[in-house]
Amino acid sequence: MANWRRRSDDDFSEEVHAHLEHETARLIEDGMAPDAARAAARKAFGNVARAQERFHESTRWVWFEQFAQDLRYAARGMAKSPSFVATAVLTLGVALGLLMVAFTVFNAYVLRPFAVHDPSRLYRLGWHSPDAASRIFTWNQYDELQARTDLFEAVVAHDMRFINSESAGGRSLSASYVSANYFPALRPRLLMGRGLGPGDAGQPVAVLSQQAWTRLLDADPGALGRTIDLSGSPVTIVGVLRAEFVGVDDFPRDIWLPADRTTNPEGLEVLMRLRSDVTPERVEAILTPYVAQKAPPNIAPKDIRAMLVPNATANPLSTELLAALSPIFAAFALVLVTACFNLSNVMLARAVARQREIAVRLSLGASRSRIVRQLLTEGLLIAALGGIAAVTLTTFLMPVGTALFFRTLPPSMAALLRVVPMPVDYRVLGFAFAGVAAATVAFALAPALQASRPSLTDALHGQRTGTGSASRMRSVLVVAQVAVSMLLVVTALVLARNFATIGATDLGYRTAGVYSVNVRGGHNELIPAAAAALSTDARVAEVAVTSGNPLFVTHTLAAAPADADQAPVPVRYSFVSPEYFTVLQIPVLQGRAFQAAETSTAARVALVSEATARAFWPGANPIGQTVRIERPLTSRMDEIEGYSRVTVVGTVRDVVTGLMVEGADRGHIYFPATATHRHAAALLLRPQATGDFRPDMTFATLRRAGLDTTIFEVFPMAEMREAQMYPLRAGAFVGGLLGAVALALSVTGLYGVLSYMLTQRTREIGIRIALGATAHAVINLVVRQCLRLAGVGALAGLVLAAAAMKGLSSVITLEAVSLLDVTPFIAAMAVVFSAVALAAYQPARRATRVDPAETLRAEA
Amino acid sequence: MSTREDNDRLVLMQGTLDVLILRTLIFGPEHGQGIARAIQQSSDDELLVEHGALYPALQRLEAQKLISAKWGTSANNRRARYYTLTKAGREHLAKQSNRWRRLAAAMARVLGPETEQG
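Protein sequences, first through last, are from chains A and B. Per the numbering used here, the very first residue in the first sequence carries number 1; after that it's consecutive. Per the numbering used here, the very first residue in the second sequence carries number 1; after that it's consecutive.
Honestly, the hints are just simulated from the structure, not real lab data. In this text, a Cβ means the ideal position worked out from N, Cα and C, and glycines have one as well. Accuracy of the hints is not assured; some may be wrong.
Label pairs and their computed distance ranges (CB to CB) [to be verified]: (1) A:G46 with B:K70: 19 to 27 angstroms; (2) B:T84 with A:V48: 55 to 63 angstroms; (3) A:P82 with B:S68: 51 to 59 angstroms; (4) B:A88 with A:P82: 51 to 59 angstroms; (5) B:T84 with A:G46: 32 to 40 angstroms; (6) B:G72 with A:R370: 30 to 38 angstroms; (7) B:G72 with A:V48: 19 to 27 angstroms; (8) B:T84 with A:E281: 26 to 34 angstroms; (9) B:A88 with A:R354: 57 to 65 angstroms.
To spell it out: a stretch of chain B is covered by chain A in this simulated footprint if at least three of its residues, at any positions, have a beta carbon under 8 angstroms from a beta carbon of chain A; those stretches are [stated by the list, open to error]: (10) 29 to 39; (11) 79 to 91; (12) 98 to 105.
One side only, chain B facing chain A, incomplete, derived with CB under 10 angstroms [stated by the list, open to error]: (13) S42; (14) E50; (15) E62; (16) W71; (17) S74.
With these hints in hand, go ahead and build the complete structure from the sequences.
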């Protein structure tokens, strides 16, 4: 009720006292003796203590008092059954902990603002047109944007690049060249030293991240003034940042360096803090004509829009992002749901066992809501302990999970990748708190309601009533658990199956022992010199030039046979040197490979894949045929200018290029190129079979040729392939983990229900055995019960899983990924039923050992 | 004393007692004992068995701001907590008495003339 009066108990007592006095006086007036009058007044009033109690209970403090009482009571009750508490807390802790791990990662990448001054008004500028987008701006543009003090409080520029460093054991450091106002405007907190400022431009000075400081300098407290190697030249450390700041995008930096027009001739990313009197929409409208007029010449200015993306966190929160992540969160949440079902089941069993106690309390005048509140308090206490366990588990799992992530990544990728700090901050704790509250309602409310409505007289007589609906509820809970487990197990097996089949894909070319040399930042002009240097290296057997690594080909064009009236179809294309086919061992099937003369003149000839040949000239000889090329589909119009007609000189075997999850190429056209060709973007090299080649040896060779090794990277192709498979592998692993936890929970739930059913039916089983039922028949009884529960659950789970996979398959349209394959469904059924059998085994054996004599005696 | 019986009476008295209290206060401020006496007299002891049962209702009405309370001195110079009908209380009473009258009339029609049941 609203407006609880702040009236004290004493005040009320005084009123009661006045009442009695008035009444007594009145009775004396009516002629009663004073003593008799006093007694009569009291009698007329009724129970004074009770009236005072009721007044007391109506004040708001009672709620706290009763809550404290409930808590004490719950704690006492729980202390009596420590194994129950331990199991419950562990169950909830693991399930909530897993969900919290997922949330902690989400928090770090999406919710957690950067550790900078006033991150809320930070935006990054970009522009987009229907078929192009960019976030890179020139120095002149940066100056002009900085002059717009009517819009921005500050405009900061930075970039992202990898720089090889001897101090990092020859590996790469992720670096940012930053504008002079980066540190003054963002004000990240430093562990020691100073940030970079206007005076540092052109100086060999740097600021390190806390992680890099630990890794490179062993967390040396005297790190200031020390120098580290950056691609052959020393830089002096002037500051070390705190662990919470790793940059202002989603890729953490190791080192910050002062930018100037010579270090970043091609431009920078631009970040601005908006003035409080402008809106991002207004700034976008104002800047649109500005970016349009500065846009690349091949894009129509009218199509260009300026775009401000919130940059307070590593990734802005959006509905698209949430939609994309929701299946992952759903999987984690389902484990928590199973845990709640499981706990609910145990609580229900406990409540039924305590029905007599509850009945006594009800009959002594406790209201039902009071009993429900008390049972909920027990649930809350367990949930709170579970929450603490979950937070502990999360703080433990985060570093373990991160370490596992890096250990399982291919080494060359692990050396490059960084993760943002993922602390268990107040948002994660708030999430845990919400999880605890939700879990309490989910697992404690139904049992509490169920248990608090027994028929008093029956329960007092020692008969367990209401067990019918309670055990029905328990069965429903088990069915639900099995269903959810089935869903998760199917998901895990679908992922595992896809990982296995896609991982086993025959690409049609060799990746083992082939190294990919890439140039960073589009410095394709360095390819010829690099190719020349590497060709002369004695350890290298062969060097191929290509427009792109075959594992990441995305360029597609529309082509058709020239002499037929056929609609053009999308075909992938690559510019390659003749060595491409020998390095990768792609056999030429018909015709011939490219000749040296063709590559040097960039002749309009082509090799086509078998599939292309079959599609374009079915049954005919493709050699000498002409391909008509309509337009590029994925790149700029001028990309293949001059290649409108090419003559086929040979066919090569079909291969899988691009992302393996997208399946085999429908078609592929290869054009001849050399290192000096404008399309040459990467090198593939095959070392001598005998030598012990290491990727970093190429850096020495490149440096000897006078090349800036900071912009080259060398990856083993086998690891690139592995890296491509990594998301599926991680998905299968996490899915398997979730499925296993959910299944383990359902098995214990099922086991509990079966054991409970058996204790209830001991007498019946005893009589059955006395009447000559065989062990077989008794086992049958248990198995039937078990199969009924598991069968319904499994069926429901299969239907759910099929629906979920069907839904996902309409979103995930990757060629090689099959979500509705029958095998994982059958395998999941086998897994779930084996687990169910495991749950049933022990109770069934126990049932056969029921001693009929004993049970019959017990009845008497 | 059994819980169940007590509950039965409470169910009967909810609302009824409230209206009776408000009705009593229409003649001016009164303290708890005075109200109890008045109700007992006007209802032939049917509706208020114990004076103590009056107080939860008084509290409730006060919380709903249908009555207000103030400590004062009675005619015989004793301290007492006086309850006064508020404007909201007066309106509530008008509405409720009307409702009760209709309910009573309807019940009377349904049940017919009073008969002794075996």
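Structure versus earlier hints, numbers of those that do not hold, lowest first: 2, 5, 8, 9, 12 and 13
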